[in-house]
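Visitor: Chains as they are written, first to last, in my numbering: chain B, -13 to 308; chain G, -13 to 308.
These aren't lab readings, by the way, just hints derived from the structure by calculation.
Possibly wrong hints are sitting among the right ones.
What the hints assert, rightly or not - Have a look at the derived ranges for each label pair, beta carbon to beta carbon: (1) G:LYS199 with B:GLN164: 54 to 60 Å; (2) G:ASN308 with B:ASP292: 50 to 56 Å; (3) G:THR133 with B:LYS122: 36 to 42 Å; (4) B:ILE(-6) with G:PRO82: 54 to 60 Å; (5) G:PRO277 with B:ASN80: 15 to 21 Å; (6) B:THR198 with G:GLY171: 29 to 35 Å; (7) G:ASN86 with B:GLN164: 40 to 46 Å; (8) G:ARG187 with B:HIS143: 42 to 48 Å; (9) G:PRO79 with B:HIS143: 33 to 39 Å; (10) B:LYS29 with G:ASN308: 51 to 57 Å; (11) G:PRO79 with B:LYS122: 30 to 36 Å; (12) B:GLY4 with G:LYS199: 23 to 29 Å; (13) B:ILE19 with G:PRO79: 37 to 43 Å.
Stated by the list, open to error - Partial selection, computed: residues in chain G whose CB lies under 10 Å from chain B: (14) ARG76; (15) HIS147; (16) GLY152; (17) ALA237; (18) HIS244; (19) PHE246.
We put the beta carbon where it would ideally sit given N, CA and C, even for glycine.
Number of protein chains: 2
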Amino acid sequence: MPSANNTIQYAIGVDLGGTNVRVGLISSKGKIIHSLKAPIPKKRNRRTLLHHIADLIQESLDWAEQKKIKVQGIGLGSPGVLSIKKGIVRQSPNLPEWVNVSIADYFKKRFNLPFALENDANAAALSEAWIGAGKKSNSVICVTLGTGVGGGIVLNHKIWHGHNDGGGEIGHIVVRDQGEKCRCGNWGCLEVYASATAIVRYAKNLLKTNQTKSILRTLPKITSEAIFASARKKDKLAIKVTQHAAEMLGAGLTNLVHIFNPEMIVIGGGVSLNQNLFPPLRAAVKKRCFPQLTRDLKIVPAQLGDHAGLIGSARAFFLSKN
Amino acid sequence: MPSANNTIQYAIGVDLGGTNVRVGLISSKGKIIHSLKAPIPKKRNRRTLLHHIADLIQESLDWAEQKKIKVQGIGLGSPGVLSIKKGIVRQSPNLPEWVNVSIADYFKKRFNLPFALENDANAAALSEAWIGAGKKSNSVICVTLGTGVGGGIVLNHKIWHGHNDGGGEIGHIVVRDQGEKCRCGNWGCLEVYASATAIVRYAKNLLKTNQTKSILRTLPKITSEAIFASARKKDKLAIKVTQHAAEMLGAGLTNLVHIFNPEMIVIGGGVSLNQNLFPPLRAAVKKRCFPQLTRDLKIVPAQLGDHAGLIGSARAFFLSKN
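From just these sequences and the hints, can you work out the full model?
Guide: Now the structure itself:
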């Protein structure tokens, strides 16, 4: 975010995933100046994981110093349950040792720089709303379809965090009140029907209970990518699976539209790369929603791909300064 | 809202219902100083309806003048589809002549006072969040159970209106993706299962398909009030109906909790007077939601009853000044 005199500023963004850490030097215009990526060591504990991340940050800071770039601070996007203002990671399903880590305190001390923590899905949403698909919109809801369904709610260019920093759990809104059990303990969650995992499960079920010919029967492994590739080749069963995903996701997005009346919904994650998904998805939403709410609603794929988390983490830092 | 020097200010609030108009002089502390109520004339057109409201406002202004109270402006809560910033009522199902009425222009000219338009459900939510059940909370979601299910989303003490002023349509979030048709054109909406109308319908169906003894069989007319009164008398069928309403509403509230992680959900409307509803409702939400989101969530009945719309309309005016 430009300062009052409009000079460009710089921050370190850190995107902590389940398997990799990305660290980058990001400008206040959202440009990646320099970036690093390293796998998260399989053998680790809380201390070594923090050190590992810190070493990458140091490398990025050293690079900036060499180039005489002044770094204003650090933003980190982490999965899991967070206390954002306190800068604490409470727990994280994919990083079991990541429990009650006062991550802000650690990094502030280590680098003597201001630090902002953000949820990883929120960071991705922030970047899409900032310089990605939603850059011209005031209210952007991001939905990420992967192993699960994640989300981030950007209202007036900022994340809505909620009372305990737990808002934006879009994957766990109920679309089928008597539906299947979700891994979260709830049942009938959007995630059960619209995640990449759910799409593959639905296809496998159809293949089992159905005699229709399908390219999918010839594949050694059925993935969501394979399903979408087959749909592009007009495979009937694959088209049916895509249609079902669009309808279930459409029910979930209807809830977001009726609640927020947003300008834009951005769909991220691997599934969103399937362009075949968008026409039936938009139709499903239009069929359900009040016409005045879909009149100029845009439902579009995310633009920043793998970079979203990195850029968004830096954005979270820039926003935290205001 | 107190001005900088903390003196109390005054505004006219107008609550336009389907059958009555209420007009009141409201202080910036949320106190009703004076109020009037009159039925909406059955024989009317757009012009006579505007005149009718204006006459009541004039009466209230005259009263204020007599008491030497300076009125800062007027806030009006209207049902229907609105353009809030432009001050136009686009259409309203209960007031068929209320189509594309530039209500702000009319009243500004007539009274030479600033004017703010708000949706009636939003006005009710604003007042509950201001001086009612939610007065200590930062984020309050209001859900009103009546003929339909309405709502208002108060984030950081202000209504979230959405891109086309159409947000907060909580009654039309999908809880059963293959569910019954709703009058809005969508299907499986919360309103189909949790409105007063839906509760009566569910009870009648149970009575038809079920041989269980019930007080309800002895009544000339089954209303939601009668169902709740019977539940209080331990009538098994009435308890079952209450339980069902709680579960369906619980699914809807789960969506709001997972999306907003609010501090408080306020339930308004006649149904909410049924204290029996709250224990199973809270249990239903708790069963479905992430534990950290319900840890200190309050689900409580509205406090302002019939006054909510009136006070909230004035509040909308006070907020519009900032």
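Visitor: All hints are to be evaluated individually against the structure, with a verdict given for each.
Guide: Hints versus structure:
no. : hint                               : result
1   : G:LYS199 with B:GLN164: 54 to 60 Å : violated (28 Å)
2   : G:ASN308 with B:ASP292: 50 to 56 Å : violated (41 Å)
3   : G:THR133 with B:LYS122: 36 to 42 Å : holds (39 Å)
4   : B:ILE(-6) with G:PRO82: 54 to 60 Å : holds (56 Å)
5   : G:PRO277 with B:ASN80: 15 to 21 Å  : holds (19 Å)
6   : B:THR198 with G:GLY171: 29 to 35 Å : holds (32 Å)
7   : G:ASN86 with B:GLN164: 40 to 46 Å  : holds (42 Å)
8   : G:ARG187 with B:HIS143: 42 to 48 Å : holds (43 Å)
9   : G:PRO79 with B:HIS143: 33 to 39 Å  : holds (34 Å)
10  : B:LYS29 with G:ASN308: 51 to 57 Å  : holds (56 Å)
11  : G:PRO79 with B:LYS122: 30 to 36 Å  : holds (33 Å)
12  : B:GLY4 with G:LYS199: 23 to 29 Å   : violated (57 Å)
13  : B:ILE19 with G:PRO79: 37 to 43 Å   : violated (55 Å)
14  : ARG76                              : holds (8 Å)
15  : HIS147                             : holds (7 Å)
16  : GLY152                             : holds (4 Å)
17  : ALA237                             : holds (4 Å)
18  : HIS244                             : holds (4 Å)
19  : PHE246                             : holds (5 Å)
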